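Student: One-letter residues, chain by chain:
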Amino acid sequence: MGNILPILAEPQSFSATERLLFLALAAAPVYGFCRRLWPIVSKILHSKKDPGFHLFPIGRRVRDFVWEVMFQAKVIRERPLAGFAHALVFWAFCAFALVTLNHCATIFGLGFLNPLGRVGRFYFDFAAVFAVACAAAICGLFVRRFVVQPKWLGPVSWESGLIALLIFALMATYLAAFFVPEASAAARALWWAHTITLLAFLPVIPHTKHLHLLLSPFTIFLSRGGFAEIPPLADDEDFGLVAGKDLTQLVSLQAYSCVECGRCMEHCPANNTGKLLNPKEIVLGLRGYLNEYGPASEEPLLGKYSAQEAVFECTTCGACEFQCPVGIEHVPIIVGLRRGAVNTGAWEDDQGAKLFLALERGSNSLGMSAAERDKFVEKNALPIFDGTQEYCLWLGCMGAYDPRGREIVVALVKVMRHLGASFGVLRKEKCTGDPVRRLGNDLLFQQLAESGLDALAQNRVKKIITICPHCVRTIQEDWKAYGTPPEVEHHSEFLARYTGQLPPAQDKEKIVFHDPCYLGRYRGVYEEPRRVAALAGELVEAPRSHERSFCCGAGGGLVFLGEEKGQRVSHVRAEELAATGASVVGTACPFCNTMFQDAFASKGEGAPELMDIAQLAARGLPE
Amino acid sequence: MKIIVAIKQVPDRDAPVRIAPSANWIDERDLQWAMNEPDAYALEEALLLKEKAGGEVIVLSAGPERAGSTIREALAKGADRAIHIICDDLAARDALGVARLLAAAIKPENPDLVLTGLQSEDVGSGQTGVIVAELLGLPHATMILQVEAIDSGLKVKRELEEGWFQSIELPTPAVLTMQSGGNKLRYATLMGIKRAKTKELRTVNEAELGVDSGPVVTLEQISAPTKQKSTQILPGSAKVAAAALVEKLKTEARVL
Chain A
0 MGNILPILAE PQSFSATERL LFLALAAAPV YGFCRRLWPI VSKILHSKKD PGFHLFPIGR
60 RVRDFVWEVM FQAKVIRERP LAGFAHALVF WAFCAFALVT LNHCATIFGL GFLNPLGRVG
120 RFYFDFAAVF AVACAAAICG LFVRRFVVQP KWLGPVSWES GLIALLIFAL MATYLAAFFV
180 PEASAAARAL WWAHTITLLA FLPVIPHTKH LHLLLSPFTI FLSRGGFAEI PPLADDEDFG
240 LVAGKDLTQL VSLQAYSCVE CGRCMEHCPA NNTGKLLNPK EIVLGLRGYL NEYGPASEEP
300 LLGKYSAQEA VFECTTCGAC EFQCPVGIEH VPIIVGLRRG AVNTGAWEDD QGAKLFLALE
360 RGSNSLGMSA AERDKFVEKN ALPIFDGTQE YCLWLGCMGA YDPRGREIVV ALVKVMRHLG
420 ASFGVLRKEK CTGDPVRRLG NDLLFQQLAE SGLDALAQNR VKKIITICPH CVRTIQEDWK
480 AYGTPPEVEH HSEFLARYTG QLPPAQDKEK IVFHDPCYLG RYRGVYEEPR RVAALAGELV
540 EAPRSHERSF CCGAGGGLVF LGEEKGQRVS HVRAEELAAT GASVVGTACP FCNTMFQDAF
600 ASKGEGAPEL MDIAQLAARG LPE
Chain B
0 MKIIVAIKQV PDRDAPVRIA PSANWIDERD LQWAMNEPDA YALEEALLLK EKAGGEVIVL
60 SAGPERAGST IREALAKGAD RAIHIICDDL AARDALGVAR LLAAAIKPEN PDLVLTGLQS
120 EDVGSGQTGV IVAELLGLPH ATMILQVEAI DSGLKVKREL EEGWFQSIEL PTPAVLTMQS
180 GGNKLRYATL MGIKRAKTKE LRTVNEAELG VDSGPVVTLE QISAPTKQKS TQILPGSAKV
240 AAAALVEKLK TEARVL
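Chains A and B, in that order, give the protein sequences.
Residues 0 to 622 (numbering that gives the first Met the number 0) make up the first sequence, in order.
Residues 0 to 255 (numbering that gives the first Met the number 0) make up the second sequence, in order.
Calculated from the structure, these hints are not laboratory results.
All clues stand as given, with none of them false.
Some but not every residue of chain A turned toward chain B, in silico, with C-beta under 10 Å:
#, residue
1, Asp235
2, Phe238
3, Ala352
4, Lys353
5, Leu354
6, Leu356
7, Glu359
8, Gly361
9, Ser362
10, Ser368
11, Ala370
12, Leu442
13, Leu443
Owing to the predicted nature of the structure, the values given are computational and were not obtained by experimental measurement.
Glycine is no exception: its CB is placed at the ideal position from the N, C-alpha and C atoms.
Work out the full structure, taking the sequences as your base and the hints as a guide.
Tutor: Listed below in structure tokens is the structure:
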């Protein structure tokens, strides 16, 4: 260490008057900070306990914390430029923790970092590097907020400007102290300027979006984990999120953690097609509700702060939750609000009631007679599962009753026969309950899950393969609430293992693969279906793909609800896929397939061909 | 208004129906059961009347133990209490026998209105409701789509053939047999099922009702309809095929 490194100038001693002045100045901001923060913390703590919450295993929580909080990975990955600027500010704050503590301690002569000592000098210089980066970053973010004004950030608030100014002032007053003589009046002035900025910062935190500074590390550490996991109901009086008394500690914590960055709305298919739903407003609505009514209230949650219509426009695609940098779990919140409405009968919707009644009495979500499935099984000579075969081929409602879904099953069966895989179908099969689960009908979902688990156990099924990512998700994750489901795999995962044994198609197509939400974001399967699709040609990517894939509009039971407000989600996505110039749109979900079929049919001539990856894999097989 | 809704548990639409070895009824093993659809509409109408004007809805069903699940479904959808007439051999009884059981259970309740489906989806005789009315000595109307309470009693919309409807008024107490499709059915909810657990479900048997409900009509034999495939593909151009079609409609089908 030479003399080349600059030295931070600090006042060497403080008078008793100065100490008194410091205490007097600090009292109001500290009081304001506590007074504003306490009601929020109290509301979170007085919310209902989360049923089924376990702190352990803690490894996952530590990993999420390090990755998402310390490394700011999610913040940076989804918005690299603004994200990196944010990370610089965050890292500077971390580096400043010690500096600030030392700063306040010096006035009482308790400073533990000596600017002239080796350690102190090194640390102050280390912090200075972050301070420079932070000052630059906050200027950049200020320009973004007040000049560029991305619409996702919502209307400009004066507090954001104030905060940016205070952060800049904090850094500037710190850095300036490296350029003034030690023990000078200037050093003392800078010390006080830094202190006053610091104190001014405190009371602005709790009632603005900057509360995320304090809460989001907890939110991320305590999150339920998994993805879009729907929590169990607590007891006989729990019907989902009906009123304030149903808000759990995690939901309340998440409501107060929102930083209003708008990533959720930027990626929301409903919000992008002119519908009422805005996932950010759902979260902020809960915050508004908690501020007005508190966590013990009987006032309905759907009303002043959130509209029932909006809640039932969600496709549960999970883009919002996937994007959220502060650990808010939007899907469980939205499904929770739906549960509250459906489990109490407050939701009245003709199409929804039709779906529920079809599944109360019948076997499938399409409202067809089970005899139609028998005919399909018989016509295609599908073997009946008898416990000797390796795979139980789960047809699902679409595979058993929908004409296009059936074509996908037939193609998959052709490939499985070519590969010599042994499989059979159940004699009888009911809907897995996916649409009713996402629409919030717990009664019907429980009946379907129990009947499904029972049928699989009776038939001694060990492994399931299916063409429907919704069936995969529901059997594997949601059925767990009522028993132990067998292993389930999507046909893309199965087919990807055997691409080496499948002859590629003769005619090479230009293919764009559409990631289904329930296969991609929900299951993390992105490359397998692409490997299978590549058998039939060359792949191109849509502008929004992989974890940023844009929903087809069918999920969350919405395919059964009919009319949509604004543009159709499926049309927007279909157009985006067609615009890639691909001759084939590859899908891996029968719901996506049927949605795009309708969208392309309305487009008329010149629409690309629509093929499931099973059909693409079967292309190279001999007739 | 105090309303009694008589409901029946019938095999589910998708249940695999097979004829029993005795050949006089179906094999009831491995069946799923559900509420008879016209009865579900009768229940819906009763619940709507109650929601409009207040009162009580009582569900009544004759059947074996398993009928309890359908009764609980009715309680879950909003009925206030239930009476279950335990009857293990419902299939061996005729419409008169079942009507006697129902009427005996209805009488002490003195309801303002008795609603039931116009027929059952399994036997489909369409008689039980009207025999109940006769046994109770009450006015009745059949094939009702909607019911409105008026000062003098009831105003009902009755379905006739060929798209015609009839509007009639009748005094209460009365018995109405309901047609499907007059309203939209409500779905069962978790809250409804939980609340239903605390509702009264009284069971009675034939002896307690003090009626002789032995059958006067017995079912000798049932059989599945034989499949006949008579699809014909008419060959040739559209013009030739159309001419052949008209010829066949005139001479074979005799509809032109």
